[in-house]
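Knowing the structure of chain A, use the given hints to seat chains B and C on it.
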Amino acid sequence: MFEGYWGSVAIFFGINVLMAFSLYFPMTAGLISLGQGGFMAIGAYASAVLTKSGMPFWIAVGIGGLLAALSGIVVGIPAIRIRGIYLIILTLGFGEIVRVFFLNFAFTGGASGIGGMAPYTNLAWVASACLLTSLVAWRHRYARMGRAMIAVHADEVAAQAMGVNVVRAKLTAFAVGAFIAGVAGAFYAHYTLFIDSAQFGFLRSADAFLFVVLGGIANPLGPIAGAAVVTLTPEIFRFLQDWRMTFFGALLIAVALWRPDGLVTAIRTRQ
Amino acid sequence: MLLQQLTNGLMLGGTYALVAIGYSLVFGVLRLIHLAHGEVFMVGAYIGLEVMLAFHVGPVVALAAAIVGTALLGIVLELILFRPIRRKGGSFLAPMVSSIGAGLILQEIFTKIFGAEQSEFPAGVGSDVYHIGPLLVSATQVFIMAIAILSMIVLHLFISRTRYGMAMRAVAENVEIASVLGINADAVIMLTFAVASGLAGIAGVLVGLAYTAVSPFMGINMAVKGLAIMLVGGLGSIYGAMAGGLLLGTVEVLCVAYAASSYRDAVAFGLMIIVLLVRPRGLFATGVAVER
Amino acid sequence: MTAILQVHEVSKRFGGFLALSNVSCEVAEGRIHAVIGPNGAGKSTLLNIISGVISPTSGNVAFVGQEYTGGRPDTIHGMGIARNFQHVRLFKGLSVLENVMIGSDAQTNAGTWSDVVDFVLPFRPGDAATQAHEALQFVGMGKQGNRAIDQLTLVDQRRVEIARALASRPRLLLLDEPAGGMSPSEVQDLTGVVRHIQRAGVTVLLVEHHMRFVMTLAEWITVLDAGRVIADGVPETVRRDPAVISAYIGTSA
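Residue numbers (the working numbering), protein chains in the order written: chain A, 1 to 271; chain B, 1 to 292; chain C, 1 to 253.
Hints listed in this document are in silico derivations from the structure and should not be mistaken for laboratory results.
One thing to keep in mind: the hints can contain errors.
Said to hold, decoys possible - Here are the simulated distance ranges between beta carbons:
no. : chain 1 : residue 1 : chain 2 : residue 2 : range
1   : C       : F14       : B       : L136      : 55 to 65 Å
2   : A       : P56       : C       : Q137      : 51 to 61 Å
3   : C       : E67       : A       : I77       : 20 to 30 Å
4   : B       : E117      : A       : Y5        : 26 to 36 Å
5   : B       : S127      : A       : F105      : 33 to 43 Å
To be verified - With a straight-line Cα cutoff of 20 Å, these simulated SDA-like cross-link-like pairs (lysine to any residue) come out:
no. : chain 1 : residue 1 : chain 2 : residue 2
6   : C       : K143      : C       : S95
7   : C       : K92       : A       : W138
8   : B       : K88       : A       : A250
Computed from a prediction, not measured in an experiment: that's the story for all the values here.
Just so you know, even glycine gets a beta-carbon here, dropped at the ideal spot from N, CA and C.
Isolated chain A, as found in the complex (with noise of 0.2 Å):
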């Protein structure tokens, strides 16, 4: 049942809920970035490298994940004491910086990128690590990380005054991000079997905003919400297919007329 067209729709959901969930954790801290497409080409790239040199592909994700985190870190580094647009901006130029740099790096490709990598990546691999990532989201809601990091977006300063380590909060947000951005790289490169750095341009984190806007970051069920609807009205409405871009961009709109003022700030406790 899952085979064929409806299965590879499933694994681009999937894919798309990961890159969802990467962007759900540095919002929780309020932490807004559109670079989210860099840290997934860096993950796609590096885990394609790897499984053509013969690694096996669990390993392969996983360093391609890591690597991904620790550009995170690199990236969180400045963000945090920059903030609000001049954050997005940053991030932005990420984005755009890992994709000049993949255009033009002879050993992944440049821009022919690579190919002929190995079909690792099934239903089983993506829906468990939906799954996982889920978990680990709901899990922090309630763990002290997830404190500290919707403590540090309600109010810096009151958070560091009350003994919460910022910087270790937003850069543990932004290399968690960045890690389960990477994971879905390494799905992507797995199951395309191309990969340029085109994919992994603007658009791409564009997406992941747009999932985590839609769905909002109440609670776990949040960017899982967002890629649904995104990914799989299209499926629904054929002729959406055509104006995929159009979709989009009326549904960012949309959001943000409909709800300005709690758009992605709000944090609902359980109640």
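Here is chains B and C on its own, set in the frame of chain A:
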């Protein structure tokens, strides 16, 4: 040689500056980033293209058409995207989100109409080449520089000498006080969008002339660079945008000439990141503190 | 008397404005020590410096004999100094109990590894929650842990903030105008709470505007005016000090 490269850089930088100024104008009055601005630039280029192809007119008419078209587009965007959100109140995020949406829609529409490939832009100005001292400049380059400089001068005069320009500055300073003084803030905001978008339209035609090609995707590249420039120059600062644009154009051209040409797009972001780390307010900050 | 907190020649300049000028005072352990003064005297600035939210331009502060000037607020919190805020700054998005847990979380401390551990053992109620609950009970909000912040009255929010500060079992509690916006009976409740806090062994440094509240509670008073200390002693002496009286002329208590 160096002087030649600098000249090329200034030409490129001039077009960048025109786009970046638009960002700064909108940021100045609304404190938000208009992420569909790059697509407005793209639309301007296509308007110029179609006008030149359909009516066999020169670039000057194309510019006029582009200015009118993009100014109207800018006003429409303000009315649909930003004004309703302003009425409802909200963070800076919502208008940015809706502008991303509008940008995506514009890009897809133009891709459907014109195809995803590049379209050739007519040469327009002829291909004469002039020798000015040791420099070699083409008629196109002269035209582009002239228009860019003229636009910036006109803008400067508009902002500093006319009532409308001063109204714009007043609203940018403080919307409430400007309203109390009898300035119709909504009208001023529409005017700002018209001016900003018109400038982007000019830039679109100029870039089309410079590279003799346009594509529906030229907007994104310019959009992100324009953002970077605005950041470098200082959010909301017109003159910062001008300086930043010229700076970026020059550095990019030098990078292509003397370093790795394929990394040119990353120059903007490298510059931007350096500024963000060292002096986040930008080089000519207007004192607007953008905190969450 | 042992001085738990020593403020030594602290000055703070904001651009051209001198908010504090060579302020010195000592807070004895176990005391309720009040800092009063007219509006703009610099009381909150002083509290911000003591809690590490801002750094002094010159001078230093020491806690239990250890200088900590310019330290990070979270480190200072870890040393045993906790505070509330003049304008309530609770964390939207967290329940009442979770807000207070932020205070006690810091104790069950240190690094990222312990975060991971905390993550993985989900169903242990954990010391943080227990300590937070105790702190809520201390201020009389024990049953309200699951409520949302915006459902609370201002007075209850202030109580939660105090609980949040107490949750880390500090040695020194900084209170910034905790009686703001309270009715006389609420102030009386608050007085009881502060006494209770003192009996639990916590030293209290109280910045306050509400005269009766201060005079009832304080065992030592430092008076600031325009950034300078103009009096420093027991309440009976301070209230009769002519400099203090003239600084307050025109101000209602």
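Hints versus structure:
For F14 of chain C and L136 of chain B, the hinted distance range of 55 to 65 Å is satisfied, since their beta carbons lie about 56 Å from each other. Checked against the given bound of 51 to 61 Å, the beta carbons of P56 of chain A and Q137 of chain C, roughly 54 Å apart, stay inside it. At roughly 29 Å, the beta carbons of E67 of chain C and I77 of chain A sit within the given window of 20 to 30 Å. Checking the proposed 26 to 36 Å range against E117 of chain B and Y5 of chain A shows it holds: the Cβ atoms sit about 29 Å from each other.
At about 37 Å, the beta-carbon gap between S127 of chain B and F105 of chain A stays in the expected band of 33 to 43 Å. At roughly 12 Å between alpha-carbon atoms, K143 of chain C and S95 of chain C fall within 20 Å of each other, so this suggested pair holds. For a cut-off of 20 Å, the pair hint linking K92 of chain C to W138 of chain A stands: about 18 Å separates their Cα positions. With a C-alpha separation of about 19 Å, the suggested pair K88 of chain B and A250 of chain A falls inside the 20 Å cut-off, and the hint holds.
Comparing the model with each numbered hint stated earlier shows that all of them hold.
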